[in-house]
Amino acid sequence: AQKITQTQPGMFVQEKEAVTLDCTYDTSDPSYGLFWYKQPSSGEMIFLIYQGSYDQQNATEGRYSLNFQKARKSANLVISASQLGDSAMYFCAMTGRFGNEKLTFGTGTRLTIIP
Amino acid sequence: DARVTQTPRHKVTEMGQEVTMRCQPILGHNTVFWYRQTMMQGLELLAYFRNRAPLDDSGMPKDRFSAEMPDATLATLKIQPSEPRDSAVYFCASGSGTGEDTQYFGPGTRLTVL
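Chains as they are written, first to last, in my numbering: chain A, 1 to 115; chain B, 1001 to 1114.
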């Protein structure tokens, strides 16, 4: 079974500062994928970034980067230069090996950017 | 701009009525997922398909829920009879089934059962 833990229910960050959202995971699959999704107040689920378990380098997508520490089973999301539009719920999720592609989600972190 | 589409976006119905939700996956994607989001349970998988064949429906109450893919461009989720506890947002997502396995979500159907 797979498990995602997000220990920060809510965070408040000043605009233009960097923010780190924590995520730890547990799985028995030898290969897996780690994802972050953003859910703004409008409700849609927006894919942000992906990290494969065998990827040597941390994933980056614009202002988003994933700090992947495999030995510690952590996959923290870093948002640089935060903007007001970054205010949303953020979900960490994972999939297992081929044939076990369902996403297992954490409980989410509500990020609020303060002007 | 390839997107997953879902209809209806909102549905209000009375207990006991049948509800059908539809999803059009991104063209070329061969895996389709149904998730449900509630305040109490968060996001949970109901069922998923690859190449139109069901692979996992263990998260779905079998007595009232059914999921099908009549063809590669349409997935349906049906609840019959609906109950107030089914009130939730139902998301469809699709993926290409490649090693990356990124799933792209539709806008969701917000279901309210009175």
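The hints are simulated quantities; they were obtained by calculation from the structure and are not laboratory data.
Glycine residues also receive a C-beta, built at the ideal position from the N, C-alpha and C atoms.
Wrong hints could be hidden among the right ones.
Claimed, not checked - DEER-style ranges, computed between Cβ atoms:
#1 A:Thr5 to B:Ser1066: 28 to 34 Å
#2 B:Asn1030 to A:Gln8: 44 to 50 Å
#3 B:Thr1007 to A:Lys70: 37 to 43 Å
Said to hold, decoys possible - Just a sample of chain A residues kept apart from chain B, beta carbon distances all over 12 Å, derived:
#4 Thr7
#5 Val13
#6 Thr20
#7 Ser42
#8 Asn58
#9 Arg72
#10 Lys73
#11 Ala81
#12 Gln83
#13 Gly85
#14 Phe91
#15 Lys102
#16 Thr107
#17 Ile113
#18 Ile114
Quiz item: Which of the listed hints are not met by the structure?
Solution: 2, 7, 14, 15 and 16
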